[in-house]
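Novice: When you line the sequence shown up against numbering that gives the first Met the number 0, it's residues 0 to 213, in that order.
No wet-lab data here; the hints were simulated from the structure. For each residue, glycine too, the CB sits at the ideal point set by N, CA and C. It cannot be assumed that every hint is accurate.
[Said to hold, decoys possible] Label-pair restraints from in silico Cβ distances:
1) 168 with 14: 14 to 24 Å
2) 198 with 26: 35 to 45 Å
3) 14 with 212: 21 to 31 Å
4) 103 with 30: 15 to 25 Å
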Amino acid sequence: MAAQLDYHAVREIFARFRAAEPEPEGELAHVNAYTLLVAVALSAQATDAGVNKATARLFEVADTPERMLALGEEGLIEHIRTIGLYRNKAKNVMKLSRILVEDHGGVVPSSRAALQSLPGVGRKTANVVLNMWWRYPAQAVDTHIFRLANRSGIAPGKDVLAVERAIEDRVPAEFQLHAHHWMILHGRYVCKARKPLCATCLIRDLCAYEEKNL
Numbered sequence: 000m001a002a003q004l005d006y007h008a009v010r011e012i013f014a015r016f017r018a019a020e021p022e023p024e025g026e027l028a029h030v031n032a033y034t035l036l037v038a039v040a041l042s043a044q045a046t047d048a049g050v051n052k053a054t055a056r057l058f059e060v061a062d063t064p065e066r067m068l069a070l071g072e073e074g075l076i077e078h079i080r081t082i083g084l085y086r087n088k089a090k091n092v093m094k095l096s097r098i099l100v101e102d103h104g105g106v107v108p109s110s111r112a113a114l115q116s117l118p119g120v121g122r123k124t125a126n127v128v129l130n131m132w133w134r135y136p137a138q139a140v141d142t143h144i145f146r147l148a149n150r151s152g153i154a155p156g157k158d159v160l161a162v163e164r165a166i167e168d169r170v171p172a173e174f175q176l177h178a179h180h181w182m183i184l185h186g187r188y189v190c191k192a193r194k195p196l197c198a199t200c201l202i203r204d205l206c207a208y209e210e211k212n213l
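Modelling step: build the complete structure from the supplied sequences, incorporating the hints.
Specialist: What follows is the structure in structure tokens.
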């Protein structure tokens with residue numbers, strides 16, 4: 000874990016992220032709040048590309064909780080067999096769909112607490128939905144963000160919740176909305192776990208990582 004960078008360094012890092020990609024977008028395909036919720040729930044321990052491949056046809060026939068319930072659990076499984084833990088995920092998608100219909104009129108709720116009350120929806124999933132659909136500056140910390148935050152000194156923390164709070168505390172307000180996407184994309188494609196691309200990293204001179212690759 001690197002030492003926390005100061006305000007000016009963190010601000011410059013995000014200014015560079017913004018200059019390189021002013022409007023970053025998540026990579027999970029979706030057509031509405033419900034399909035986004037389902038896609039994020041399915042993405043646990045799976046790649047976004049793998050989820051998108053599985054949901055391309057699924058969301059053509061089940062893009063609302065009502066249509067998902069009509070499809071049924073076995074019908075859902077046929078679409079998501081290629082995704083890890085598909086049986087457990089299918090059960091959770093059916094359960095959350097039923098709760099959405101019975102308790103929320105088929106509408107995805109827009110509070111973190113209400114989202115986390117749904118089966119298979121944790122804090123990270125809730126934060127992704129809040130950020131991507133309602134454009135709320137929620138910070139969903141996955142493995143890529145956790146690694147980048149600690150390795151670089153942007154927002155070090157001993158666990159994902161600590162890193163989430165550090166991002167909220169340390170990243171200037173004007174960058175909060177897109178901070179999650181800038182960090183996940185940088186962690187996924189540049190600051191990789193085994194072989195970070197330090198030589199071409201746009202924040203190399205500001206990063207506190209002591210084992211930079213040449």
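Novice: Check each numbered hint from earlier against the structure, then list the numbers of those it violates in ascending order.
Specialist: Going through the list in order, the structure violates hint 2 alone and respects the others.
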